[in-house]
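Heads up: the protein sequence lines correspond to chains G and B, in order. Take my numbering: the final residue in the first sequence is number 257, and no numbers are missing along the way. Take my numbering: the final residue in the second sequence is number 613, and no numbers are missing along the way.
Treat the hints as calculated values from the structure; they're not laboratory data. Keep in mind the model is a prediction, meaning the values are calculated, not measured. Careful, some of the hints might be misleading.
Residues on chain B that point at chain G, a partial pick, calculated with CB under 8 Å [claimed, not checked]:
| id | residue |
| --- | --- |
| 1 | G510 |
| 2 | H512 |
| 3 | R550 |
Selected chain B positions facing chain G (Cβ under 8 Å, derived; list incomplete) [what the hints assert, rightly or not]:
| id | residue |
| --- | --- |
| 4 | R365 |
| 5 | P367 |
| 6 | G491 |
| 7 | R494 |
| 8 | A505 |
| 9 | A507 |
| 10 | S508 |
| 11 | L509 |
| 12 | A558 |
Idealized CB from N, CA, C, for every residue including glycine.
One-letter residues, chain by chain:
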Amino acid sequence: MTLRAERVSRSTGGRLILDGVELTPRAGAMTGLLGPNGSGKSTLLRLLAGVLAPTAGVVTLDGRPLDRMGRRDVARRVAVVEQQTDTQVELTVRDVVRLGRIPHRRAWTPASAADEEAVTDALEHTGLTGRADRLWHTLSGGERQRVQIARAPAQQPRELLLDEPTNHLDIQHQLDVLALVAALPVTSVVALHDLNLAASYCDHLVVLAKGRVVARGEPAEVLTADLVAKVYRVDAEITPAGPAGRPHVRFLGTLPG
Amino acid sequence: MTSASRAAPASVSGPRASRRAPLVWTAAGIVALCASVAVAVTIGPADIGVADVWSVIAAHLGAGTTAGEVTPIRDGIVWDLRLPRTLLAAVCGAGLAVCGAVLQSLLRNPLADPFVLGVSSGASTGAVLVVVLGVGGGALSVSGGAFIGAVCSFALVMLLSHSLGGTTDRVVLAGVAAMQLFSALTSFVVMTAADAETTRGVLFWLLGSLGGAGWSDVWAGTAVLVLVLAVCLGHARTLDAFAFGQDAAASLGVHVARTRLVLLCATALLTAALVASAGAIGFVGLVLPHAVRALTGPGHARLLPVCALAGAVFLVWVDTLARTVLAPQEVPVGVVTSLIGVPAFVLVLYRTRRAR
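Let the hints inform the model, and build the full structure from the sequences given.
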């Protein structure tokens with residue numbers, strides 16, 4: 001059992017953003033969330049994180065509805081990496097990773113040895129030990145995203161949600177970030193725009209369009225020329241030329257309509 | 258206070274190393290505060306020797322006697338004027354600095370200060386209504402009027418920001434709106450109804466002054482300070498979580514709406530209590546948190562206690578300066594905080610710019 005969205009809907013200002021979506025990420029695997037802008041990917045992730053409540057349906061964690069669990073209990077299980085974050089505060093890399101320990105700490109008590117150990121391990125695991133005392137503001141976009149992802153193992157979650165973590169990164173950092181996530185021993189759900197990155201790194205894909213799931217399954221089953229035409233209005237040629245025979249999408253042009 | 262027994266990593270060196278010694282800063286702050294109060298009460302225009310000051314205080318604390326040594330007038334100057342004033346300066350400095358630090362983190366705005374929620378403007382309107390128009394018919398003191406005005410203004414800000422959507426930037430905008438409204442009301446009442454003498458008195462109060470400090474102000478201020486400081490320290494870890502915004506805080510397990518309400522109410526209560534007894538002393542709450550952050554780093558468990566101590570020491574000395582520099586004439590302490598604070602602020606900004 002893990003995180004599960006059961007027929008969740010969400011509307012804002014009378015507009016239906018998600019319409020009865022089912023999602024059960026496979027434990028330990030990486031699930032890619034695809035779909036055009038405004039298809040409801042970010043909203044679904046926010047529902048899964050418990051930051052937003054569904055207007056209908058329920059999100060459960062090990063069978064328990066999220067809204068009946070304490071916020072701290074949820075945060076000990078589910079970590080979130082947002083697409084682009086910034087802060088006014090002068091934090092070092094280690095300070096940012098330390099934020100991941102907040103759900104595990106109690107008020108009035110300083111960080112324990114276990115907290116510091118988890119932080120050190122997370123830095124080690126993400127190759128950031130040498131940069132632990134650098135200031136967040138002095139890092140490049142790619143390094144910042146790496147630090148945000150390093151916060152996740154410090155939080156010791158079993159589920160990790162990422163909203164377009166590769167946005168605005170150069171190609172090396174895009175590959176780097178996804179490889180890092182794939183190597184973490186967690187169940188992850190990651191919203192992505194790049195179909196080829198999704199095909200190469202995700203074990204399972206879910207495609208949203210206008211708030212509904214229109215396809216789900218292994219990358220090779222889901223990514224078809226038909227689907228790309230229907231969902232994105234783009235003409236594409238799909239070959240098994242990706243890594244390990246995974247699908248590779250070559251875009252040919254937009255379609256009318 | 259903050260028994261942060263961190264295992265300092267061996268790799269830490271240079272200016273960042275000072276971040277790892279919170280106990281040193283806290284201990285140094287406590288010593289500096291006690292010394293500052295002890296020295297500041299001996300300074301003043303009335304020619305009273307240091308030994309006399311101390312024997313008066315010792316006598317009132319029940320150790321020793323002043324009989325035949327110090328006249329009742331001098332005894333009164335020390336015990337009823339200087340000591341409460343110095344202590345109130347410490348309480349105000351501590352409270353304003355802590356409120357500023359909390360609001361800057363909570364609202365994610367480096368320009369936030371304790372008055373961003375309209376508390377000081379509401380207080381000034383309340384005070385002016387009592388002083389100039391005689392609202393309350395003598396039953397209401399200036400402090401009482403100021404406190405009620407501050408609470409009304411804060412309630413208006415919370416209502417406004419809630420109906421506008423309750424997000425962080427709405428709180429700040431609602432605060433700005435309330436500030437403008439109550440400042441206009443204050444000016445209107447002063448300009449249309451007050452004579453020159455009253456205007457001068459009101460202006461003095463608006464700029465912040467510890468001149469009217471009495472023991473009741475000290476006790477009330479201390480009680481609220483201790484309560485609010487405890488609430489804020491209990492939320493230290495939660496405040497850290499706001500570094501990357503409220504969604505990030507929520508995903509770290511923070512009840513954002515509840516935390517915001519508790520901390521906004523706590524800081525507004527403390528600010529209202531302080532403004533009611535000392536007027537709107539500016540700049541302490543804006544600048545000191547930035548300066549202290551440069552020493553302690555951004556962690557609130559370390560930042561808040563050091564902020565309180567630094568604010569207390571700072572205001573004790575600034576008020577001593579304010580009452581002695583042009584003696585017997587007094588300069589409003591708010592004027593001096595700004596005159597000293599602005600260059601200090603520029604220096605802090607310059608240093609952080611170089612660090613980037």
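For each hint, the structure was consulted:
no., hint, verdict
1, G510, "3 Å, holds"
2, H512, "5 Å, holds"
3, R550, "7 Å, holds"
4, R365, "6 Å, holds"
5, P367, "5 Å, holds"
6, G491, "5 Å, holds"
7, R494, "6 Å, holds"
8, A505, "6 Å, holds"
9, A507, "5 Å, holds"
10, S508, "4 Å, holds"
11, L509, "5 Å, holds"
12, A558, "7 Å, holds"
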